[in-house]
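**Student:** With chain A held as given, fit chain S onto it using these hints.
There are 2 protein chains.
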Amino acid sequence: MKVNTNPVRGMKDFLPDEAELREKVKRIIIDTYTSFGYRKIETPALEHLELLTGGDGGENEKLIFKVLKRGEKLDLASVKDEKDLSEEGLRFDLTVPLTRIYANNQGNIPLPFKVIQTDYVFRAERPQKGRYRQFMQCDIDTIGEKDYTAEIDLLIASSQALLNLGFKDFTIHINDRKILHMMAGKWGFGEKDHDNVFITLDKLDKIGVNGVSEELKSKDFNSGAISAMINDVTQFEAAEFNHLYLNEEVKKVIEAVSLVADGRYRIKFAPTLVRGMGYYTGMIYEIKIDGYPGSVSGGGRYDKMIGKRLGTDVAACGFSIGFERIVDIMMEKRSGEKSGEKKIAIIFDPEVHDAKKVYSEAESQKIINKCIVSVARKEKKFGRQLKKLYDQGFTHYGEFSDNFSPFTIKELKNEE
Amino acid sequence: MKVNTNPVRGMKDFLPDEAELREKVKRIIIDTYTSFGYRKIETPALEHLELLTGGDGGENEKLIFKVLKRGEKLDLASVKDEKDLSEEGLRFDLTVPLTRIYANNQGNIPLPFKVIQTDYVFRAERPQKGRYRQFMQCDIDTIGEKDYTAEIDLLIASSQALLNLGFKDFTIHINDRKILHMMAGKWGFGEKDHDNVFITLDKLDKIGVNGVSEELKSKDFNSGAISAMINDVTQFEAAEFNHLYLNEEVKKVIEAVSLVADGRYRIKFAPTLVRGMGYYTGMIYEIKIDGYPGSVSGGGRYDKMIGKRLGTDVAACGFSIGFERIVDIMMEKRSGEKSGEKKIAIIFDPEVHDAKKVYSEAESQKIINKCIVSVARKEKKFGRQLKKLYDQGFTHYGEFSDNFSPFTIKELKNEE
Chain A
1 MKVNTNPVRG MKDFLPDEAE LREKVKRIII DTYTSFGYRK IETPALEHLE
51 LLTGGDGGEN EKLIFKVLKR GEKLDLASVK DEKDLSEEGL RFDLTVPLTR
101 IYANNQGNIP LPFKVIQTDY VFRAERPQKG RYRQFMQCDI DTIGEKDYTA
151 EIDLLIASSQ ALLNLGFKDF TIHINDRKIL HMMAGKWGFG EKDHDNVFIT
201 LDKLDKIGVN GVSEELKSKD FNSGAISAMI NDVTQFEAAE FNHLYLNEEV
251 KKVIEAVSLV ADGRYRIKFA PTLVRGMGYY TGMIYEIKID GYPGSVSGGG
301 RYDKMIGKRL GTDVAACGFS IGFERIVDIM MEKRSGEKSG EKKIAIIFDP
351 EVHDAKKVYS EAESQKIINK CIVSVARKEK KFGRQLKKLY DQGFTHYGEF
401 SDNFSPFTIK ELKNEE
Chain S
1 MKVNTNPVRG MKDFLPDEAE LREKVKRIII DTYTSFGYRK IETPALEHLE
51 LLTGGDGGEN EKLIFKVLKR GEKLDLASVK DEKDLSEEGL RFDLTVPLTR
101 IYANNQGNIP LPFKVIQTDY VFRAERPQKG RYRQFMQCDI DTIGEKDYTA
151 EIDLLIASSQ ALLNLGFKDF TIHINDRKIL HMMAGKWGFG EKDHDNVFIT
201 LDKLDKIGVN GVSEELKSKD FNSGAISAMI NDVTQFEAAE FNHLYLNEEV
251 KKVIEAVSLV ADGRYRIKFA PTLVRGMGYY TGMIYEIKID GYPGSVSGGG
301 RYDKMIGKRL GTDVAACGFS IGFERIVDIM MEKRSGEKSG EKKIAIIFDP
351 EVHDAKKVYS EAESQKIINK CIVSVARKEK KFGRQLKKLY DQGFTHYGEF
401 SDNFSPFTIK ELKNEE
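Residue numbers (this note's numbering), protein chains in the order written: chain A, 1 to 416; chain S, 1 to 416.
Isolated chain A (complex conformation) (with noise of 0.2 angstroms):
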């Protein structure tokens, strides 16, 4: 039988290459949380559809992998709708997983609760490049912190993981939700209309100023609102950097996050940044790095959302680094560069007596060394295996007989 060997459609195989970086670029992440005391915890893929379409996760709700009921909660006879053939959902998110976690074990859970989680959603998103139906998050949270310390230590452990990861010349663009309505408020737009007119804000990086008021206009908003916005607006691209309406609070982040990034790094205030999920609160920021169009991560802070589970509210913030496009960045640097990694390939002749020594060889190279090795027995066409090793990326082999003694490596060649 033939089958369709291709992944389903919108999701992606790794093969060695990828997948290694993957998991190295997973571990640094890791592990710079983890220094700065963020704990990892991990939720299953599957969760109630009860809870996944909630509301707090807008658009995402619309694209839910459904899982099919099973035996005999699936009955084809009566169904009448989607809803009599489904009760459970891969998760799109990892902020609706937090929130159910924490609401289930808040009794065992001192605060606050920094968190780290690295694991994959799934999204029926339409596929297009560079966008998968799977792909991995990497989200750091801080559940039971009101104060802005949280988001200090959010911000510089973040910061910290790119530097890690071999990013500099990247940018902490940083605002608060309570600026942009107060901004609004004063432009002259009506309460009721501040989250309208930041969806339309939001696209300021991609329609520009004059899309802004067209859109606006559209919407048919007061015109003397839309432009006391536009004329604003057109002096922060022009300053570039604006304090008019910086608060205290955005004010102290900017300052103790700038002395330790010492140069490293940058962070500024930016009063047009919106970003899309509607469960923001108070602060929010995403990262930019010089060269690459749009953000490689971003967060804020959500203290309503938890609330909605437990009945109190409960303060957080969190941070996402969008590991598939740091992965895909790194990717695209690396290709060309040679690794410089030692791969010795041990061969052995199939008459030799003295396995325990090939073995004891290989394991002292990769000590001495630090590098891989891989032990194969010796073919009758030699050439032809070299010629293979080298092609499987090993850079250097050792032949072992009962004859050779002392055992030398020799690099590998392109030739047969």
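Calculated from the structure, these hints are not laboratory results.
Any given hint could be a false lead.
The list treats identical chains as one, so a pair stands whether inside a single copy or across any two.
Okay, derived cross-link-like pairs now, PhoX-like style, lysine-lysine, Cα gap no bigger than 20 angstroms in a straight line [what the hints assert, rightly or not]: (1) LYS83 / LYS69; (2) LYS69 / LYS80; (3) LYS357 / LYS378; (4) LYS251 / LYS178; (5) LYS62 / LYS73; (6) LYS146 / LYS380; (7) LYS73 / LYS83; (8) LYS69 / LYS342; (9) LYS342 / LYS388; (10) LYS378 / LYS146; (11) LYS378 / LYS252; (12) LYS146 / LYS388; (13) LYS251 / LYS357; (14) LYS357 / LYS252; (15) LYS146 / LYS381; (16) LYS413 / LYS168; (17) LYS24 / LYS333; (18) LYS288 / LYS206; (19) LYS178 / LYS268.
**Tutor:** Only chain S this time, still in chain A's reference frame:
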């Protein structure tokens, strides 16, 4: 809205202690196999149902979590059968995806392809203690190596992984499907009955020699064959190590692995070892740890499985470390032990002026002590704050203000 905050039925959340141990175990396994030349690959959690139900999964094919079709593809009005509702499902093992990724990339993959996979698989089994519907599998496989050096390498690398995880007193049990067939023939069972006989023999550990005998009688097999078999099996039990049916290949593997083991672990011929999966064609093996029932890992050769997809057979053998089992044993061992790790909280006065100094102090503590450092703002109820830090697992704290100099680290005690 109050929703159910438990994980979905049969699945599990992992809080930090367990999640961090899982990460550690996974890294030790990956690093050990990497040092033996195995390379990591990754496939998506979802696969085409057509592939998953291809017949290699045995009973697992009945336990697939199927994903509901979406959009126009889901036409509720014309649904006649479950098949109309779903075309993708969550993988139930990593072997089926491995054969798919190999089939899909065979032109780009030089052989032998030594692979490591550590990923979640999903089975809708009846939930029971210690068994979950989502669990981690750690598989290594060698594709394209007919020679038994592949088995030697798999077994040595896997044993090394167990040693690196801190296990000793474990034994590799090894057999060969060819030996099983040869014995069954000699005992007098017809070739078409072999697999059915092996299904019963596989239960030997659970139901004992008498149980096996009774079950074979109830299956109406020839009583002469049954008593010949029971006679041999009893002998195996008594002698514990029986070379009567040992073949040359298994003997060579036992010799090589014993030499490398050098007394650190054991390997023995186990003529009644069957292992469930029908796709095994050659040597089969599992590892048992003294004092723990059942096996912690196992595998075998499956030279025909890839051929089913490609049309031409490709030699392959694999080994799977029972990740969840191993984590359970390690959690059990660890409970009660104190980790001994230093975890320092650096507390700073809200009035401190040099935030940079606080963070560089945190930074240097981390480097000097290789410990986890977290920065917190000093609270008014300082005693209560220290108690809270103690409860969070911090062992030490350092207080930082403009007046404190030099900076000293004190031990945290369980008192307010």
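**Student:** Now tell me, hint by hint, if it's right for this structure.
**Tutor:** Hints, verified against the model:
Taking the closest pair of Cα atoms, LYS83 and LYS69 come within 20 angstroms of each other both inside a single copy (10 angstroms) and across two copies (13 angstroms). Both within a single protomer and between protomers do LYS69 and LYS80 lie at most 20 angstroms apart by alpha-carbon distance, with minima of 14 angstroms and 16 angstroms respectively. When the C-alpha separation of LYS357 and LYS378 is checked against a cutoff of 20 angstroms, the pair qualifies only within one copy, where the shortest distance is 16 angstroms, while the shortest distance between copies is 60 angstroms. In the homo-oligomer, the alpha carbons of LYS251 and LYS178 lie at most 20 angstroms apart inside one protomer (14 angstroms), although the nearest pairing across protomers, at 74 angstroms, exceeds that limit.
Within a single copy, LYS62 and LYS73 get their C-alpha atoms only as close as 23 angstroms, which misses the 20 angstroms cut-off; across copies the closest is 15 angstroms, which meets it. Within a single copy, LYS146 and LYS380 get their C-alpha atoms only as close as 70 angstroms, which misses the 20 angstroms cut-off; across copies the closest is 14 angstroms, which meets it. Taking the closest pair of Cα atoms, LYS73 and LYS83 come within 20 angstroms of each other both inside a single copy (12 angstroms) and across two copies (16 angstroms). With identical chains, the CA atoms of LYS69 and LYS342 are never at most 20 angstroms apart, being 51 angstroms at best within one copy and 48 angstroms at best between copies.
Taking identical chains as interchangeable, the C-alpha atoms of LYS342 and LYS388 lie at most 20 angstroms apart only when both belong to the same chain, with a minimum of 16 angstroms there against 48 angstroms between chains. In the homo-oligomer, the alpha carbons of LYS378 and LYS146 lie at most 20 angstroms apart only across protomers (13 angstroms), although the nearest pairing inside one protomer, at 65 angstroms, exceeds that limit. When the C-alpha separation of LYS378 and LYS252 is checked against a cutoff of 20 angstroms, the pair qualifies only between copies, where the shortest distance is 16 angstroms, while the shortest distance within a copy is 66 angstroms. Taking CA atoms no more than 20 angstroms apart as the test, LYS146 paired with LYS388 passes between copies only; the shortest distance there is 16 angstroms, against 59 angstroms inside one copy.
When the C-alpha separation of LYS251 and LYS357 is checked against a cutoff of 20 angstroms, the pair qualifies only between copies, where the shortest distance is 18 angstroms, while the shortest distance within a copy is 65 angstroms. For the homomeric pair LYS357 and LYS252, the shortest alpha-carbon distance between copies (15 angstroms) is at most 20 angstroms, but the shortest distance inside one copy (63 angstroms) is not. Only between protomers do LYS146 and LYS381 lie at most 20 angstroms apart by alpha-carbon distance; the minimum there is 16 angstroms, versus 69 angstroms within a single protomer. In this homomeric assembly, LYS413 and LYS168 never come within 20 angstroms of each other (Cα to Cα): the closest approach is 36 angstroms inside a single copy and 41 angstroms across copies.
Taking the shortest alpha-carbon separations for LYS24 and LYS333, only the intra-copy value of 15 angstroms comes in at or below 20 angstroms, while the best inter-copy value is 29 angstroms. Taking the shortest Cα distances, LYS288 and LYS206 sit within 20 angstroms of each other inside one copy (15 angstroms), while across copies they are farther apart (60 angstroms). Proximity of LYS178 and LYS268 under a CA criterion of 20 angstroms is satisfied intra-copy only: 17 angstroms inside one chain copy versus 70 angstroms between copies.
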